[in-house]
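Q: Letter by letter, the chains look like this.
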Amino acid sequence: MGAFICHLKRYRLLKDLTQEELADMVGVRRETIGRLEQAKYNPSLRLAIDISRAVDAPIEEIFIFD
Amino acid sequence: MSKSNIRKLLVLGVVCLVIVLGSTWYANKYNEGRLVTPTDFSNYRFQFNDLPMMIALLLVIAYVVYFVFSVVQAGVRKEGLASPYARTISPKLGLLGFMGFLGLLGFWTYKTDKLIFPFIFFNFFGFFGLYFQGKMSHIRMDERFIENAQQAQIIAYKTGLLLMFLVASLMGMGLFAHNLEWAVIFLLSSISLIWGIATFLSSYLLYRYDQGEE
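These protein sequence lines are chains A and B, in that order.
In our numbering, each number is its position in the first sequence, counted from 1, plus 837.
In our numbering, each number is its position in the second sequence, counted from 1, plus 4.
Misleading hints may appear alongside valid ones.
To be verified - As a list, the in silico DSBU-like pairs of lysine-lysine whose alpha-carbon atoms are at most 35 Å apart:
id, chain 1, residue 1, chain 2, residue 2
1, A, K877, B, K139
2, B, K139, A, K846
3, B, K12, B, K96
Derived by calculation from the structure, the hints in this document are not laboratory data.
Quantities reported herein were computed from a predicted structural model and do not represent experimental measurements.
Use the sequences and the hints to build the structure in full.
A: Shown next as structure tokens:
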């Protein structure tokens, strides 16, 4: 898995969403959102797009790959 | 499978059993046990009294075909309506893993009756994996879960294959080469045990990955 920086937490808090709420919106478990925010899980393109739409931010600003 | 289908299968099974028992009784009483006792079909000639036993046999074959078809059909339907949640089971079911020790019975049955099939019970050690499945009971199977499950299965099967290779190598090097019976026992026990290990590992590793302990 390539290293990446994840700004999901910042955008999630901007939208005033809890991990649980975001997880429900994109159809995953809260733990998966937690792992994503720690950049310990590399999401699929489908999930990345869903998250991007849910927090209303561009993918490339949420997930930054080297 | 719906309850009505299960009931239908059970009723048909009981009907078949009654017909088989009835025709067996008829054959023993009025047909000198033909088609009940071992029959030499090279000299077989049809007699009218054979008819009940033949009908019973055809019914049993039809029932078995129907049974298999129903079970497969129910499986396909269930797959189509797959739930996004992991199955709900109790971690206590992991205690069934202790049934693996029944495999040791094989040493006793081999000594007394030369029976070796109880060695197969070693594969019940795989039930220990139900403990970890129970701990992940009814959690949402999202993409991370599915990815972890696939990774866990690959590692479990690779481990199983490696162990099988080791067993094959040991036998190829001549382990038990002078005692065919012990060679078969060793092979049967190893395959059963490896099956149990692979089954357990896929559940255990999935749990570890899911908890983030990679």
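Q: Next, verify each hint and record whether it holds.
A: Going down the list of hints, with the structure as the test:
no.	hint	verdict
1	A:K877 - B:K139	22 Å, holds
2	B:K139 - A:K846	28 Å, holds
3	B:K12 - B:K96	32 Å, holds
Of the numbered hints listed earlier, not one is contradicted by the structure.
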